[in-house]
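S.K.: Chain by chain, the residues run as shown.
Number of protein chains: 2
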Amino acid sequence: MKTLNVDLGNRSYPIYIGQQLLTQKALLEPHIASKQVLVVSNDTVAPIYLDRLLATLESYDCYSVVLKDGEQYKSLDTLNQIFDSALSNKLNRQLTIIALGGGVIGDMAGFAASCYQRGVNFIQIPTTLLAQVDSSVGGKTAVNHPLGKNMIGAFYQPRCVLADISTLDTLPERELSAGIAEIIKYGVIRDTTFFEWLENNVGALLARDSNVLSYAIEVSCRNKAEIVEQDEHESGVRALLNFGHTFGHAIETACGYGVWLHGEAVAAGMCMAANLSHRLGWLSYDDKQRIVGLIKRAKLPIEPPVTMSSEQFVDLMAVDKKVEDGKLRLVLLKSLGGAVTTADFDKAIFKQFLSDIDAV
Amino acid sequence: MKTLNVDLGNRSYPIYIGQQLLTQKALLEPHIASKQVLVVSNDTVAPIYLDRLLATLESYDCYSVVLKDGEQYKSLDTLNQIFDSALSNKLNRQLTIIALGGGVIGDMAGFAASCYQRGVNFIQIPTTLLAQVDSSVGGKTAVNHPLGKNMIGAFYQPRCVLADISTLDTLPERELSAGIAEIIKYGVIRDTTFFEWLENNVGALLARDSNVLSYAIEVSCRNKAEIVEQDEHESGVRALLNFGHTFGHAIETACGYGVWLHGEAVAAGMCMAANLSHRLGWLSYDDKQRIVGLIKRAKLPIEPPVTMSSEQFVDLMAVDKKVEDGKLRLVLLKSLGGAVTTADFDKAIFKQFLSDIDAV
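Which chain is which? The protein sequence lines are E and F, in order.
With our numbering applied, the first sequence covers 732 to 1091.
With our numbering applied, the second sequence covers 732 to 1091.
Rather than coming from a laboratory, the hints here were simulated on the basis of the structure.
The structure presented is a predicted model; accordingly, all values stated were derived computationally and were not measured.
Pairs count within a copy or across copies, as identical chains cannot be separated in the list.
Once the Cα atoms are required to be at most 20 Å apart in a straight line, the calculated PhoX-like pairs of lysine-lysine come out as:
hint, residue 1, residue 2
1, K1078, K1058
2, K821, K1052
3, K821, K1053
4, K821, K1058
5, K766, K1053
6, K766, K1058
7, K766, K821
8, K1058, K1082
9, K1078, K1065
10, K1053, K1065
11, K1019, K1030
12, K1019, K1065
13, K1052, K766
Whenever a hint applies, use it, and build me the whole structure from the sequences.
M.R.: Following this line, the structure appears as structure tokens:
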């Protein structure tokens, strides 16, 4: 097992990465505040892993709430089911909420933990690759609004993250690829060594080689932790982690939440950002091709849905969290490994870039 | 005008108390983050004061959302109307949300500000006495759940509080008394000099003597600020501010939100807490009588609703935020001015005290 630390002063916490961690009570115990535990999961993950976790926690007063699986249920209404469960079981402020599932479950359970009785203890047990390499780390929690992704939420750090690689054995292939999208992101924005390693190992990742998976998760979490430690509340460098996400969120919202997986939308969004960076004259043709090529090899989409118009992109990106004083800021590439957040790009080229979407 | 400061490090903020502050742009301006402002009000307050505030803010891109008035609308559903408004107007992360109304509006607008795009700027303009002396100060925000008051929320400090005493001219008498309940609370729990002053001035308060009101608001805010500065997140002394509230919240939830005003429920709850403290042998008969007498003179209820049973109290108090490891902790009085939060009281006397409720 590997242990990484996210250093955030009195909100610091460990990330445990390894095999069969779900059964290791000693890892969880120090991070649970009292007897009361509420496990939040979904109807895909719970049938496979919930009993195993409840057995590990049998000495606690352990409750569980099982939500419907899918991004389309990441809403205030579903969030309320967590509160219903907590309150009908009279769970108090010393409660620990544990997320057992993918990014949607982690985001909702974390947001619920941030606001149940104005904040209770929280633990992440991510069971998808995407959640293990990205969403479980860094304390971003949220639900969606029909008019925008992740528009209602909080920064709220977990007490620990337990990434049990064994749970990836049951992950559908589409979800595996979606996770690889966020892994590739770290390489593209800041870690060219890792990018090269991924070019050599994407096949082994898709084949679920456990050593390769473990290394990719570790490097991803280390990259994420380094950024979050510098800028917990995204007033600066943390925005780089949104590479591909402004386009990606627009795709998710336009297609209807859950139609494209988050990682798939980010993959297409990263290709769009790379293409735009190249058209701006910032990124070389070769590097753009390497990025798009790796994403394609990971069995991910490299173009936005044909049904989407440039107008939809403009409209949906206008509520992006990086908009400042009416100006859209994008994460773009000055080079492979060199991402920047900027509103200072040629608007005529950007307009032409978007209108080409309609021409497809 | 008086200015008090709430000292919370980088979350410090001023409280302005005075006449006709709504029209003073210079007070608000330094606390607004960008051009975008969203005023949240209700359908009682907005017809009287919204235009005045919008005129003050005419140089901003100012939007408003008017919610239904009443504690029964302090819910996740109503909260979502704020998000609907913000997103349909494409308001971004540099937005400033301003609460214009009483405690319900302040709690909801504040919670919305804490989670819209994971946190935007927030300003409190309380227009009820209760909000001016209590709920607008200290950063507690929340909505209710059918199973418990204020169960979903956040600690989120405003950038400033603007208490315009002129707005109290239009306050209904019942609401005025409800505000006096929280004023009396400060005297009872920690400030006997203020309690004595209130015994001499409760008539002038009810008559809305502006100097007397101004002084009462100032002393109340100073008391609250001192406590919040010591314990922002209520891990200790701040719980004392909940004197009367554990009983009071049970009353509000049992009767249906909005049937009793919050201040009315707290008034009856304070009498219950004073009575219990006396029966435990902690508070003298005379002091108990002084407390109940002052509350009565403020035209507030001194007993819980006759429809409520002891069982309802036990049931509803079990989800109180002060419950720890299954033990109910209450704010009780060791003396007038000497409140304590404790689970260490004679349970037989408490049981008898509650069963007397059924005997009424």
